[in-house]
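Work out the full structure, taking the sequences as your base and the hints as a guide.
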Amino acid sequence: MPQDYFDHACRDGFGRHTPHLLGEALGWHRRFVGTGPMRRV
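Counted the way my numbering counts, the sequence shown spans residues 1 to 41.
The hints are simulated quantities; they were obtained by calculation from the structure and are not laboratory data. Idealized CB from N, CA, C, for every residue including glycine. Some hints here could point you the wrong way.
To be verified - Listed next, with one range per pair, are the computed distances between beta-carbon atoms:
# : residue 1 : residue 2 : range
1 : Arg40     : Cys10     : 22 to 32 Å
2 : Arg31     : Gln3      : 18 to 28 Å
3 : His8      : Arg31     : 15 to 25 Å
4 : Arg40     : His17     : 37 to 47 Å
Right, dumping it as structure tokens:
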């Protein structure tokens, strides 16, 4: 799985210095913004 992410980031990522797919790497943050915290309020 890490190799798949790396290959995909090298192919489709914005920069070439450190390959990242920010939408996937920060998916937890998008989910938090959309659904709120996991703890009961």
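Hints, one by one, checked against the model:
The beta-carbon spacing between Arg40 and Cys10, approximately 41 Å, falls outside the hinted interval of 22 to 32 Å. Between Arg31 and Gln3 the C-beta distance comes to about 24 Å, which sits within the given range of 18 to 28 Å. Look at His8 against Arg31: about 20 Å separates their beta carbons, and that is inside 15 to 25 Å. For the hinted restraint 37 to 47 Å between Arg40 and His17, the CB-CB distance of approximately 42 Å keeps it satisfied.
The structure is inconsistent with hint 1 alone, although it conforms to all the rest.
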